[in-house]
Amino acid sequence: EYVQTMRKSIDRVDGWFSQASWYASSTHLTSDYRAARQFSTSAITGTGTLGIGILRAGSPWGFLINLGAGGYVFQNKVYNYFGSEVSAIRRQNTTDRTEIRYIMGVYTQEFPVLWTTSADVMAHLLDSQNTPVYYSKGGIMGAHTGIEYWYSVTPKVGFQANAHLYLPLAGTSLPNGGKYSGGDFNYNLGILGSYRYSNNLTTLLGFSTRVENYSYTDTSDSSGWTTGYLATHSNTKVKTTISGTYVNLMAEYSF
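Residue numbers for the sequence shown follow my numbering, beginning at 18 and rising by one.
If you are wondering where the hints come from, they were derived from the structure by calculation, not from laboratory data. Every value quoted in this text rests on a predicted model; they were computed, and no experiment measured them. Some hints here could point you the wrong way.
Calculated cross-link-like contacts (lysine-lysine; reagent style DSS-like; alpha-carbon spacing at most 30 Å) [as the list claims (entries may be wrong)]:
1) Lys25 / Lys196
2) Lys94 / Lys173
3) Lys94 / Lys256
Here are the in silico distance ranges between beta carbons for each label pair [what the hints assert, rightly or not]:
4) Ala140 / Leu184: 46 to 52 Å
5) His250 / Val123: 52 to 58 Å
6) Asn252 / Ala74: 52 to 58 Å
7) Ser237 / Asp31: 24 to 30 Å
8) Ala136 / Arg107: 43 to 49 Å
9) Met121 / Ser198: 36 to 42 Å
The beta carbon of each residue, even a glycine, is placed where N, CA and C say it ideally should be.
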């Protein structure tokens with residue numbers, strides 16, 4: 018009875034539950050564009066997610082579906098992005114107060130990209146810092162896996178540490194007719210503290226560090242990039258990297 022009481026902060030769900038979260042940060046975005054230019058900028062971002070899942074007390078298995086929508090603020094303009102995750106969850110009790118959760122599934126994610134044109138590069142060949150940069154977005158799909166360590170401090174207070182790995186496998190939409198090149202590994206590391214307000218409602222607050230890499234080709238404006246100076250000083254490869262430390266606020270409600 019004592020053990021079961023102490024585990025309440027992590028054994029709070031038995032059945033269907035909903036999940037809502039908000040991530041906010043200032044992220045750093047870089048783009049190595051066709052070996053001709055390297056762009057770098059910072060952006061304010063916020064992402065909200067809504068999910069629904071199920072965890073049964075008598076079963077180690079569960080699942081969770083999350084839909085997310087976010088925005089990046091570049092040069093006083095807001096660009097919106099969307100994503101989704103479908104995950105299977107397996108729980109393993111390790112001690113009287115701890116639990117490990119293994120997560121695996123598939124996901125889709127849109128992301129911001131920076132690009133320019135061959136004409137703009139040539140027009141600013143001696144002044145590369147002022148090369149015009151344009152904002153667009155791409156989309157990928159892939160597989161993800163993760164592990165979460167849960168510790169019950171009291172019947173109401175808990176702690177979670179997590180690590181998630183995302184493997185992009187294919188592009189769903191890439192700018193300028195591009196194709197996804199592959200070979201990227203994206204990850205998220207986080208810590209969260211939880212407080213169980215009632216039998217149904219738990220809130221979590223913490224921080225996470227996220228790094229995203231996307232490699233793809235850009236075949237636009239082929240005549241401009243394959244003639245003259247750019248014929249030997251450019252290629253079709255693009256790599257976008259997004260990194261940031263996020264504040265994470267989450268609420269979980271069991272039905």
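Status of the hints after comparison with the structure:
A hinted pair counts as satisfied when its Cα atoms are at most 30 Å apart, and Lys25 with Lys196 does not qualify at roughly 48 Å. Only pairs whose Cα atoms come within 30 Å are accepted, and Lys94 paired with Lys173 is rejected, the gap being roughly 42 Å. About 23 Å separates the Cα atoms of Lys94 and Lys256, which keeps this hinted pair within 30 Å; it holds. Distance hint check for Ala140 and Leu184: the Cβ-Cβ separation is about 39 Å, which falls outside the suggested range of 46 to 52 Å.
The hinted window of 52 to 58 Å between His250 and Val123 is violated, with their beta carbons roughly 39 Å apart. The given range of 52 to 58 Å is respected by Asn252 and Ala74, whose C-beta atoms sit roughly 56 Å from each other. At roughly 53 Å, the beta-carbon separation of Ser237 and Asp31 lies outside the given 24 to 30 Å, and the hint is violated. Between Ala136 and Arg107 the C-beta distance comes to about 54 Å, which lies outside the given range of 43 to 49 Å.
Separated by about 24 Å at the C-beta atoms, Met121 and Ser198 break the suggested range of 36 to 42 Å.
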